[in-house]
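Use the sequences and the hints to build the structure in full.
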Amino acid sequence: MSTTTVAVPLTNSLTAGKLPRHSGPVVLLVSWLVTAAVFLIVQLSGASTSFNVAGTLFFGTVLYCIAIYLLSFFVEGVRKAKDRLVTALVTAAFVIALLPLISLVATTVISGLPAFLTPTFFTSSQRNVVGPGGGALHAVIGTLLITGLATLISVPIGLLSAIYLTEYGRGRLARAITFFVDVMTGIPSIVAGLFAFALFSLLFNDPGIRFGFGGAIALSVLMIPVVVRSSEEMLKLVPNELREAAYALGVPKWLTILKVVLPTSLAGIVTGIMISISRVIGETAPLLIISGFTASMNYDLFNERMMTLPVFVYTQYANQGTDTQAYLDRAWAGALTLILIVMVLNALARLIAKLFSPKLGR
Amino acid sequence: MTTIVARDTIRAPQRAGDRIFSTATVVAGSLILAVLAAVAAFLLVQSLPAFVATPADFKGDAANFWAYVWPLAFGTLWSALLALLIAIPLAIGIALFISHYAPRKLAQGLGYIIDLLAAVPSVVFGLWGIGVLAPLLQPFYTSLVEWFGWIPLFAGPVSGTGRTILTVSIVLAVMVLPIITAICREIFLQTPVLYEEASLALGATRWEMIAMAVLPFGRSGIISASMLGLGRALGETMAVAMVLSPSPQVIFALLTSQNPTTIAANIALNFPEAHGTGVNILLATGLVLFVITLAVNMVARVIINRRKAFSGAN
Numbered sequence: 001m002s003t004t005t006v007a008v009p010l011t012n013s014l015t016a017g018k019l020p021r022h023s024g025p026v027v028l029l030v031s032w033l034v035t036a037a038v039f040l041i042v043q044l045s046g047a048s049t050s051f052n053v054a055g056t057l058f059f060g061t062v063l064y065c066i067a068i069y070l071l072s073f074f075v076e077g078v079r080k081a082k083d084r085l086v087t088a089l090v091t092a093a094f095v096i097a098l099l100p101l102i103s104l105v106a107t108t109v110i111s112g113l114p115a116f117l118t119p120t121f122f123t124s125s126q127r128n129v130v131g132p133g134g135g136a137l138h139a140v141i142g143t144l145l146i147t148g149l150a151t152l153i154s155v156p157i158g159l160l161s162a163i164y165l166t167e168y169g170r171g172r173l174a175r176a177i178t179f180f181v182d183v184m185t186g187i188p189s190i191v192a193g194l195f196a197f198a199l200f201s202l203l204f205n206d207p208g209i210r211f212g213f214g215g216a217i218a219l220s221v222l223m224i225p226v227v228v229r230s231s232e233e234m235l236k237l238v239p240n241e242l243r244e245a246a247y248a249l250g251v252p253k254w255l256t257i258l259k260v261v262l263p264t265s266l267a268g269i270v271t272g273i274m275i276s277i278s279r280v281i282g283e284t285a286p287l288l289i290i291s292g293f294t295a296s297m298n299y300d301l302f303n304e305r306m307m308t309l310p311v312f313v314y315t316q317y318a319n320q321g322t323d324t325q326a327y328l329d330r331a332w333a334g335a336l337t338l339i340l341i342v343m344v345l346n347a348l349a350r351l352i353a354k355l356f357s358p359k360l361g362r
Numbered sequence: 001m002t003t004i005v006a007r008d009t010i011r012a013p014q015r016a017g018d019r020i021f022s023t024a025t026v027v028a029g030s031l032i033l034a035v036l037a038a039v040a041a042f043l044l045v046q047s048l049p050a051f052v053a054t055p056a057d058f059k060g061d062a063a064n065f066w067a068y069v070w071p072l073a074f075g076t077l078w079s080a081l082l083a084l085l086i087a088i089p090l091a092i093g094i095a096l097f098i099s100h101y102a103p104r105k106l107a108q109g110l111g112y113i114i115d116l117l118a119a120v121p122s123v124v125f126g127l128w129g130i131g132v133l134a135p136l137l138q139p140f141y142t143s144l145v146e147w148f149g150w151i152p153l154f155a156g157p158v159s160g161t162g163r164t165i166l167t168v169s170i171v172l173a174v175m176v177l178p179i180i181t182a183i184c185r186e187i188f189l190q191t192p193v194l195y196e197e198a199s200l201a202l203g204a205t206r207w208e209m210i211a212m213a214v215l216p217f218g219r220s221g222i223i224s225a226s227m228l229g230l231g232r233a234l235g236e237t238m239a240v241a242m243v244l245s246p247s248p249q250v251i252f253a254l255l256t257s258q259n260p261t262t263i264a265a266n267i268a269l270n271f272p273e274a275h276g277t278g279v280n281i282l283l284a285t286g287l288v289l290f291v292i293t294l295a296v297n298m299v300a301r302v303i304i305n306r307r308k309a310f311s312g313a314n
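Those protein sequences? They're chains L and V, same order as listed. 1 is the number of the first residue of the first sequence in full-length UniProt numbering; add one for each residue after it. 1 is the number of the first residue of the second sequence in full-length UniProt numbering; add one for each residue after it.
Calculated directly from the structure, the hints in this document are not laboratory data. Among the hints, a few may not be true.
Stated by the list, open to error - Partial chain L-side listing against chain V, Cβ under 8 Å, derived:
#1 Asp83
#2 Thr87
#3 Ile96
#4 Leu152
#5 Tyr164
#6 Met184
#7 Ile224
What the hints assert, rightly or not - Covered stretches of chain L (in silico footprint by chain V; criterion: 3 or more residues with CB under 8 Å from a CB of chain V, positions within the stretch not fixed):
#8 98-108
#9 175-182
#10 186-194
#11 312-318
Source: prediction; values computed, not measured. Virtual Cβ for every residue (Gly too), placed ideally from N, Cα, C.
Structure follows, in structure tokens:
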């Protein structure tokens, strides 16, 4: 008697099929092509006049999500399929976030360049200008003066507070300051403007008060917490050994802070200050309320209305004259100037942080 | 015989420099608290006349201050809520992409690109919203009303300009995106690597690892990040003021030309021409906004701080 053994095909429940290595990109390409074909047919049939690129990319991506899920579901199982779907969605989220940034920068550059390149844009104000021409010199000067003064007010207060929090602060006061600095970063900018207005209209008993100094105060309210936060982070990075070495040599505490702690963290602090300037330089609402708007030059922070770049952009847009295009061009040119300033400040800040920051450890 | 010399306890010499410096820092720190208190106090003092204003003082047909501010507060909350509904899932996705999906070398650069969005001034967002986004979305809105008009949210008649509350919410979402993303990213990066490696070693896919280790760890971080984003969206002024064509009323439809406006936008639009009690009324609405955002931010910070206590993360 002999038993015949039949070979049973080996199945291992722990392994499953796997999609080929580059199946993701290939499926994406195929789904884009398929949707492109569909839209091409729609166009050829005369239902739409032009080829819909945005629609192709959008529906192609949606098709990809469905296709890769189903494909992976039947080959690799439900867990892997879910993983691939989430990967697709997460990547799509990132790409979606890039779209507004690209669109915004591109539109600003394209619409802003014509007026930006006009020779008068940085050499004259809007005084007595109706229609095209004129410039934004008054706004640039106003922005520089008001932001400069706000920086002069915020940096000493912010830096000293940060020093208090890292070097001296213990107990309830320090905790309260830390907490309320965090809360203050969330104050709406317009409330800061209203505060400055309420303060100065009471002080000077002038219900219609508008002047540049008030704008600087309003911006300081917004700027101080940012300076405190960033400086505090930087001061905390200074190793305690440096302080202890200074104390051991008999250096008083205040000199230790001035000569050891601050120089060590200077690069980071400057970076933080520049970032905070770039944060407030684009603020519109508080300046609209307390600094007002004007078409003329004004170099006096304590007298009369003062124009600033963000408010310039807003008023050019809001009060378009008969020659609409000229006003819109100037608004975009102002926006381009603002974005350039902010980007340059940001890039400089990163550069300083990279070049001068102390190499900690190792 | 030995003489016992009584010795004073050793005391550090008190230097004038030390005292001046430490006093200066205390003063500066306290000044911040004083400023916050002053903001509340001056706004309160200046807005007192608004609470007893007569109906004639109000723009529109409001009978008293609360009737005037209610539609504005509604619009503020409604637009911010819609913005968060759009922004939170996107922000979590982006944060996950940067922290767990993108190649390590690229990750920091990608984070910087998203941070650039935060650097764009709000007035430029306003220009972009009205010049680019609204015309782009209008045809889409038309077909949305055509197909889904039976849903109350998408009820017609559709706005011809695209300047609706939904457009505003999309702009606001783009503006709060970098804030929420930045915090979520930090939190996700702080997930203990051991948790992640443990779940991967047990055979979890990357998504299962994220769902089991990263997201539960970052939950309170996501909540507080969203609340900070909410605070920003509530107070955003210029984008709303420029994009929306306002008609202060409580209305839920997203795509019509009748839209509720926000407190901040209402102030920005009416303040330059306001006079007399009108100024006080606008200041009082500002006070309401201040109280709302202060409450939201304080709750968010309390959540963050409570978490900080036991995880070492911030």
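- Message: Take the shortest C-beta to C-beta distance between L:Leu152 and chain V; is it under 8 Å?
- Response: Since chain V brings no Cβ nearer than about 14 Å to L:Leu152, farther than 8 Å, the hint is violated.
- Annotated coverage of the region 312-318 of chain L by chain V, confirmed only when three residues or more have a Cβ within 8 Å: Answer holds; 4 residues pass the 8 Å Cβ test.
- Message: At least three residues with a C-beta closer than 8 Å to a C-beta of chain V: is that true for the region 175-182 of chain L?
- Response: Coverage by chain V holds for the region 175-182 of chain L (6 residues, Cβ < 8 Å).
- Agreement of hint L:Met184 with chain V interface, Cβ distance less than 8 Å: 6 Å, holds
- Query: Is the interface hint for L:Ile224 satisfied, with its Cβ closer than 8 Å to some Cβ of chain V?
  - Reply: 6 Å, holds
- For the hint on L:Tyr164, just tell me whether its beta-carbon gets within less than 8 Å of chain V. Cβ of L:Tyr164 sits 4 Å from chain V, so the hint holds.
- Message: Just to be careful: measuring from the Cβ of L:Asp83 to every Cβ in chain V, is the smallest value less than 8 Å?
- Response: 4 Å, holds
- chain V contact restraint on L:Ile96 - CB to CB distance below 8 Å: It holds, given that the least Cβ distance between L:Ile96 and chain V is near 6 Å, below 8 Å.
- Apply the coverage criterion to the region 186-194 of chain L and chain V: a residue qualifies when its Cβ sits closer than 8 Å to a Cβ of the chain, and three qualifying residues are needed. It holds, with 8 qualifying residues against the three required.
- Query: Are there three or more residues in the region 98-108 of chain L whose C-beta lies closer than 8 Å to some C-beta of chain V?
  - Reply: holds (count 7)
- Task: Hold the hint about L:Thr87 up to the distance rule: shortest CB distance to chain V must be less than 8 Å.
- Result: 7 Å, holds
Hint violations for this structure: number 4 only, all remaining hints satisfied.
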